[in-house]
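Chains A and B are the protein sequences, given in the same order. Just so you know, we're using my numbering here: the first sequence kicks off at 1 and counts up by one. Just so you know, we're using my numbering here: the second sequence kicks off at 180 and counts up by one.
Everything labelled a hint here was simulated from the structure, so no lab data went into it. We put the CB at the ideal spot given by N, CA and C, even for glycine. Hints are supplied without guarantee of correctness; some may be wrong.
As the list claims (entries may be wrong) - Restraint-style ranges between C-beta atoms, simulated for each label pair: (1) A:R54 to B:F401: 44 to 50 Å; (2) A:A52 to B:I421: 54 to 60 Å; (3) A:I62 to B:L236: 17 to 23 Å.
To be verified - Sample of chain A residues facing chain B (criterion: CB under 10 Å; computed from the structure): (4) T22; (5) F32; (6) V44.
To be verified - Reference listing, derived: stretches of chain B covered by chain A, where coverage requires no fewer than 3 residues with Cβ under 8 Å from a Cβ of chain A: (7) 220-232; (8) 272-286; (9) 303-313.
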Amino acid sequence: MFQPRYSNWAAGEAANPLIPHTAELIVGFVAFSLLFLVLRAKVVPLFEKAFAERTDAIAGGIERAEKAQREAEIALQKYTSQLKDAQGEAQKIREDARVQGAAIIEDLRTKATEEATRISAAATAAIEAERQQAITSLRNEVGALATELAGKIVGEALDDQVRQSRIVDRFIADLEKSK
Amino acid sequence: MGVQLAAEEGFKPPSTADFNLPPVFGDNPFTTKPVFLVFFSVILISTFFIVSARKALIVPSKLQFAGESIYGFVRNDLARDVIGHEFMRFVPYLFTLFTFILTNNLFGIIPFLQFPTMSRVSFPYVLAIFTFVIFHYVAIKHKGLMPYLKEIMFMPGVPKPVYILLTPIEVATYFIVRPLTLSLRLFANMFAGHLLLLVFILGGEHLLQGVIGLKLVSPFAFAFGIGLTFFEFMVQCLQAYIFTLLTALYIAGALADEH
Chain A
1 MFQPRYSNWA AGEAANPLIP HTAELIVGFV AFSLLFLVLR AKVVPLFEKA FAERTDAIAG
61 GIERAEKAQR EAEIALQKYT SQLKDAQGEA QKIREDARVQ GAAIIEDLRT KATEEATRIS
121 AAATAAIEAE RQQAITSLRN EVGALATELA GKIVGEALDD QVRQSRIVDR FIADLEKSK
Chain B
180 MGVQLAAEEG FKPPSTADFN LPPVFGDNPF TTKPVFLVFF SVILISTFFI VSARKALIVP
240 SKLQFAGESI YGFVRNDLAR DVIGHEFMRF VPYLFTLFTF ILTNNLFGII PFLQFPTMSR
300 VSFPYVLAIF TFVIFHYVAI KHKGLMPYLK EIMFMPGVPK PVYILLTPIE VATYFIVRPL
360 TLSLRLFANM FAGHLLLLVF ILGGEHLLQG VIGLKLVSPF AFAFGIGLTF FEFMVQCLQA
420 YIFTLLTALY IAGALADEH
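Okay, chain A solo, but in the shape it has when bound (with noise of 0.2 Å):
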């Protein structure tokens, strides 16, 4: 019914528990080595592979994220400098036409007034002259009327030119001078 629990199976060598056994000392080497060469060669670099693999994909995701982010940022920047640049032109655009404007207004005006002064020197020239020959037309023709009109009345020829001149510049200065 019970068996006995262990034989008497190389009892002598057995005596002692720290003596290795001879066959059990080639199992132990030969079992290790098997498994050490099986793990090492059909284990071990799958493992490593699927490790490899798993951060690649992390890291690779996270580095692709990290690209994308990175390139929206330089598009940001170069569409913020784009438009800072544009509204830059624009408001230059307008400072130019506004200083454009100013000067063809001070130029118009300029040369308006130029205008309009050599107008006015030209009509106060033609006047001066024209005054001036009707002046001399008037003096002469007066003169002469002046002249034959008192010669009738006084009957005496006053042909001496230098004589009638002076009654006549004469004749002159007093209707200024009644004037």
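Position chain B against the provided structure of chain A, taking the given hints into account.
Structure of chain B alone, referenced to chain A:
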């Protein structure tokens, strides 16, 4: 008959002879239970990890995750953290060491197998010899034979007279103490643990054959045996971890430039 036998002979406490199991086939010493268990462990570990790693998916299945967790533990927490940047060369060895010791230890509490292979001292000896050869080989290759021996025998920065004490201690540490403690620690833990379980379980069985009073005490012995089984589980895992950790530390020491 058994009851009579037990009654006549009295309780025979478990002894070292309980670990000396006879060959299954005749007198062939290669057919003992420990030998079968060792080969079984090799098949078990290989099959589990090959199936687990076969697909090597980025998003692992449950099986792959289980295998990867164990592999990752040895690779990252033992090899990488202890050895440093050259760790990858030693991962296959440390991984084999850890799974081999763990599986064979756990055989001690797995129903029907119930024998820790590492309680046969030959197996820890073999593993310690592997580690011994590897860490010395790595050190000699890394530092050169003479500088390595000089480093062991004449530790730098020590006053000369101290060498009288220090040199024998250091030499003994590197060439005798390290492999011996490595193997004996594992062996003794498994041996003592199994013996303890035997005491309580065989004792409980013996009490069951006694008079009615002793029969009533017997469940306590069994309960204690079950409690100790859980304790043994912890010890078995711990010893596998310690053996692997110390191997990694010795390799790290062999690669370290400063003493």
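Do the hints match the structure? See the list:
{"no.": "1", "hint": "A:R54 to B:F401: 44 to 50 Å", "result": "47 Å, holds"}
{"no.": "2", "hint": "A:A52 to B:I421: 54 to 60 Å", "result": "30 Å, violated"}
{"no.": "3", "hint": "A:I62 to B:L236: 17 to 23 Å", "result": "20 Å, holds"}
{"no.": "4", "hint": "T22", "result": "8 Å, holds"}
{"no.": "5", "hint": "F32", "result": "6 Å, holds"}
{"no.": "6", "hint": "V44", "result": "5 Å, holds"}
{"no.": "7", "hint": "220-232", "result": "holds (count 8)"}
{"no.": "8", "hint": "272-286", "result": "holds (count 5)"}
{"no.": "9", "hint": "303-313", "result": "holds (count 4)"}
The structure shown violates just one earlier hint, number 2.
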